[in-house]
Amino acid sequence: MLGLKFDKTKCSDCKPVSCLVKCQYMDLDRDRARIEWQKIVNGEDSFVLEACTTCYACEEYCPLGNHPFYLIVERQEEKGILPSPRPIITMWINQCEPVGRFMVGMVQEKALSFCFLPAFNLLVGGKLFEDIAWSSIFGQEFFCNAVYLHYARMSVIKERLPRIIENIEKQGIKELVCLHDECYGTFTSLAPAYGIEVPFKPVHYYEYLYDKLKEYKDVIKQLNVKVAYQRNCSVRLAPDTDHFVDDIFGLIGVDRVEREYDRENALCCAEVIRMAKGYELADDLQKRNIDDMVKAGADYCVFNCPACWDSLAEKVARRGIKPIHMIEICKLAIGEKPALEV
Amino acid sequence: MSDIYEALVEIVGKDYVSNQKEERYFYGRDPGLMKPHEPDYVVMPRTTEEIQEIVRLANKEKTPVVPKGAGLSLTGLVIPQKGGIVLDMKRMERILELNEKARYVIVEGGTTHGVLKSYLQKHYPSLRHSMPDSPPIATVVANAVIHGQGRLTQQRGFNSDMVSGLEVVLPTGEICRIGSCSVSPYWFSKGPPLPDLTGLFLGWFGTTGIITKLGLKLYPCKKIRDVMLFLTDRAELVPDIMLKLGHTEMMEDIVVSTQPIPLRFKGNFFILVFMTGDSDEEIEFKRKMAWDTLWEYFDSRDGGFVSITPDMKTPMMAMPSKDTTRFADVRKGGGFEYSGPIAPVEKYPDFVKKLEELASNYNLSYASAARVIDGGHCMMFSFSYTFNRADPDEMDRAKKALDEAAEFSLDQGGVIWKPNIDEQKMMMARMDPNTLRLMGKIKELLDPNGIMNPGNWEAK
Ligand SMILES: Cc1cc2nc3c(=O)[nH]c(=O)nc-3n(C[C@H](O)[C@H](O)[C@H](O)COP(=O)(O)OP(=O)(O)OC[C@H]3O[C@@H](n4cnc5c(N)ncnc54)[C@H](O)[C@@H]3O)c2cc1C
Ligand code: SF4
Ligand code: SF4
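If you read the protein sequences in the order shown, they are chains R and X.
Take the first sequence: its position 41, counting from 1, is numbered 41 in this note's numbering, and each next residue is one higher.
Take the second sequence: its position 364, counting from 1, is numbered 706 in this note's numbering, and each next residue is one higher.
Among the hints, erroneous ones may be present.
Keeping only pairs whose Cα atoms sit at most 16 Å apart, straight-line, the calculated EDC-like set for lysine to aspartate or glutamate is [unchecked claim]:
hint, chain 1, residue 1, chain 2, residue 2
1, X, 608, R, 314
2, X, 628, R, 44
3, R, 315, X, 626
4, R, 8, R, 50
5, R, 315, X, 568
6, R, 315, X, 623
7, X, 628, R, 280
8, R, 287, X, 622
9, R, 277, X, 638
10, R, 277, X, 641
11, X, 630, R, 78
12, R, 287, X, 568
13, R, 39, R, 78
14, R, 277, X, 644
15, X, 630, R, 284
16, R, 315, X, 622
17, X, 655, R, 314
No lab work stands behind these hints: they were computed from the structure.
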C-alpha cells in the first residue's frame, strides 16, 4: 500500500504550527494547535478531524510542505469519520469509477486534460487553442480523483490514481496541460506525496495561457477592468501557480483588486462545505466572499475552476459582477467572445 | 366493404376510417407486455356528435368501442381485446375555454398534455396544470381516466382529483354533463355540492362512456422553480423523509428513484424535491425548510443534500422528465412497462426489496420512481422493467416479474394503478363482493350491450 511521505520531526520542530493556527474554520492559538496537531500525528482522536471542512488550505499554510491535509484525510478515513453524509460519498465514488470508456480526441504528445468536467468542451476553442484543441482527454479514465480528499477516501485515490496515470501514459502523452488545476495539484503534489511516479510533464493551464498570450501580444487589447479572483480549493495543492494569475492579468491589463478573501486568505466556493456542514456556514461563506468582491469594486469575477463557476457564477452575477472563466477573459483580451454564460 | 365500414365513412369521412392491415396492426398493440389483439376498424372522430353516432352504430351492430388517447398507459388498456372499433381521439385536441378567474380550462377528449402546457405558457403564464412525466403526447382525459399523477400530485392529489367537470357520451349514445356544468355555464366543480358522478367514468378505462370534454383545475404558476436532491442509502428512512417533506406543505413534488445504472445511482435513493416561488427569498426559505426538516439524517450522516450543477439541474427540472422516457428504451427495441401500485408510503422499503429481488430472479434491468401523493396519504411506486421487444424471452421474464410484483403489491395492501386485464381480475378476486356487485350493476346500467372496452372491469 502506498504511504504518505510525512515527516513527524518537521512537526515537532515547527514553531508556528501554521497548518492549524491559520485554519479559517477553527480558532486555535499556537499551544492548542500544537496539542491537537500532535494528537493527529500520533493517530489519536482530535476534534479537528471532525471540524475540518476539507478546504485543503493547510496544504498551503504548512511552510515545510509536510502535507498536513493529506494526513488529516488519512486519519479521518482510519477513524471512519464521514466529512459528508455517507450516501454523498458513495455517489461520488461510484460516479467517477473508471469503467473502461476512453473518451479521447486525436491525442498528440502534448494534450489537454478536460478532467471529468464537460464545461471544458465549451471553454476550449478559438485562437488560444487552435493547434491543440483536438488533442484532448476526458472522463473517468483520466479523472484525477483528488476530489476524494473531501470525502476522507485517500484509499480510493491511492487505488485509482496509478491506473489513471497509466491510462494517460498509454495515450502517448508526454506533456499534459491540465485545464482543471485539481489535476495539476494531483500530479505535482498528491502523487509525489505518495511516491507515485508521474511519467509525463504536467503543465498548469495558466502557464499555457500565459505563453499563448505572449504569442498574441500584438493583438491583445488592454481590458482595463477590475477583477476579483475566485481562488479555489485545489490551488492550495499548487500555490506556486498563483503568480501566473498576476502575470496573465498584467499582460491583458486587468487589475486584481485587493480584497480580504484572496490569496492565502481566499474563501472557497463553499459547495462542498454545504454538503459537509450544512447551509448556514456555506451561505455565510458565499455571502462574505461576494460582499468582499462588491466592496472591492470588481467589474468581473474570474473563475479558475468550473465547479466554483457552477456554485457562484449566478450569485455573483445577481450582485452586478460579471462572472468569467480565466480562459475566457484571455479570449476577451484577444477580441474573442466568451462561450460560457450564466 | 362491410356495412360497418361504410357507416363509419358516412359519419367521419373516408380519410378518418381504416380497416387496413397496417392500421389494424398498429392499433392492436401498445409498448407494454399484453398480448396484441387487432381491431376491425380504426376511427378518428372530430366532434362529440360523430362519437354519438359511432356509439349508436356500435350498439346496433353489437361491436366493441375502445377509446384511445396516446396509448401510453402501457398496460394494454387500449388493446381491443374483442376487436371492434378503436376510437382514436387525436383529432379532438382543442382547448375550448379557459376561465382565468375561476382557474379552470376545458379541453377536448384528445387534447394532449404537451399542447395544454404550451398553451398555458404562451397565453396564461401565471397558470399551470399537473403535468405527468409521460411523453407530452399523453392525453389529459386518458390520464384522468386512469387516475394519473403529475407535478402537482404531492400537493393536490391524483390528476383526476383536479377534474372540474365532464361531458360524456354514454355507452347508449346520450350526451351527459357531469359536475357544476350540468346546472351552470361554469365548470368549476366536478361534483360538490351535487352528487359526484365523475366516479362513474374516472377509473373505468372507457368502459362506461367516452369523455368528450373535461374541465381541469389550474393552479398558480410561480415565477421560479427549483429542485434539490437528497440522498440516502437506507430504504427504511425513505417513508419518514417523504412524510417530513410533505409536512412542510411547501414542496411542489417529491419523487424518489432508485436504479443500479448508471453507476452514479448505485446504492442510493435519489429524492428529488421540487419547489416553486415568486421570489428568491421564497425559494430560499423553502430550501432551508427542506434542509431543517431533514437535518437529523444529515446529522447522523445517513442522508444529505447534494449540490447540483446547472447541467444536472436542467434535465431534472424538465416537464415532462425526459429521463423516464430515456430509461424506458434503455434495452432498445422500445419495450417498457411498469406496475405502479398505489400504497401507503410506509411500504417503500418492502417494495424496493421486492423490486431488486424480481430483477435479480428474472435477470432484468430495473428502475423505480415513487411519487408522493397528497402530502403523503399514499405513493405511487413503480416496478419498472425494460425489455427489448425483439427478445421474446426477455419479454416473458419481464411479464412474470410484473405479475409477481402485482400479486406482491396486493398482498402488501397496495392497490394496482392502471391494472392490465389480469391485474383487474386479481383485484376483483379480492374485492368486497358487494362493491364488486355494485360495479357490475353500474356497468350493466350504463352499457347494457357491453360494447365499451370489453375485457376491462368485467365485474361479473
Ligand atoms: C415514460 C413514461 C412515463 C410515464 N410517466 C407517467 C407519470 O408521471 N404520471 C402518469 O400519470 N402516468 C405516466 N405514464 C403513464 C401514461 O403514459 C400516462 O398516464 C398517460 O397520461 C396516459 O394517457 P394516454 O393518452 O396515453 O392514455 P391511453 O393509454 O391512450 O388510454 C388510457 C385509458 O383511457 C381510456 N380513454 C382514453 N381516452 C378516453 C376518453 N376520451 N374517454 C374515456 N376513456 C378514454 C382508454 O380506453 C384507456 O383505458 C408514463 C408513461 C411512460 C411511457
Ligand atoms: S504540518 Fe507543517 S505547519 Fe503543521 S506542524 Fe507540521 S510542519 Fe508545522
Ligand atoms: S483542510 Fe481547511 S478546515 Fe481542514 S484543517 Fe486544513 S485548513 Fe482547516
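Hey, residue 277 of chain R versus residue 644 of chain X, does the alpha-carbon distance stay inside 16 Å?
14 Å, holds
Would the pair residue 315 of chain R and residue 568 of chain X pass a check requiring their Cα atoms to be no farther apart than 16 Å?
15 Å, holds
CA of residue 655 of chain X to CA of residue 314 of chain R, is that 16 Å or under?
Distance ~14 Å between residue 655 of chain X and residue 314 of chain R Cα, so the pair holds.
Can you confirm whether the C-alpha distance between residue 315 of chain R and residue 626 of chain X stays at or below 16 Å?
13 Å, holds
Hint check: residue 277 of chain R vs residue 638 of chain X, CA-CA at most 16 Å. Holds or violated?
Judged against 16 Å, a Cα distance of about 13 Å means the pair holds.
Between residue 628 of chain X and residue 280 of chain R, is the straight-line Cα distance small enough, at 16 Å or below?
The hint holds at about 14 Å.
Given the hinted pair residue 315 of chain R and residue 623 of chain X, is their alpha-carbon gap at most 16 Å?
13 Å, holds
Satisfaction of hint between residue 314 of chain R and residue 608 of chain X, Cα-Cα up to 16 Å
The given pair, whose Cα atoms are some 31 Å apart, is violated under the 16 Å limit.
Straight-line alpha-carbon gap residue 287 of chain R to residue 622 of chain X, limit 16 Å
Roughly 15 Å between the alpha carbons, so the hint for residue 287 of chain R and residue 622 of chain X holds.
Residue 630 of chain X paired with residue 78 of chain R [C-alpha distance capped at 16 Å]:
Violated, at about 33 Å.
Take a quick look at whether residue 39 of chain R and residue 78 of chain R sit within 16 Å of each other, Cα to Cα.
14 Å, holds
16 Å Cα cutoff - pair residue 630 of chain X, residue 284 of chain R:
Holds, because 14 Å separates the two Cα atoms, which is no more than 16 Å.
Against the hints set out earlier in the document, violations occur for numbers 1, 2, 4, 11, 12.
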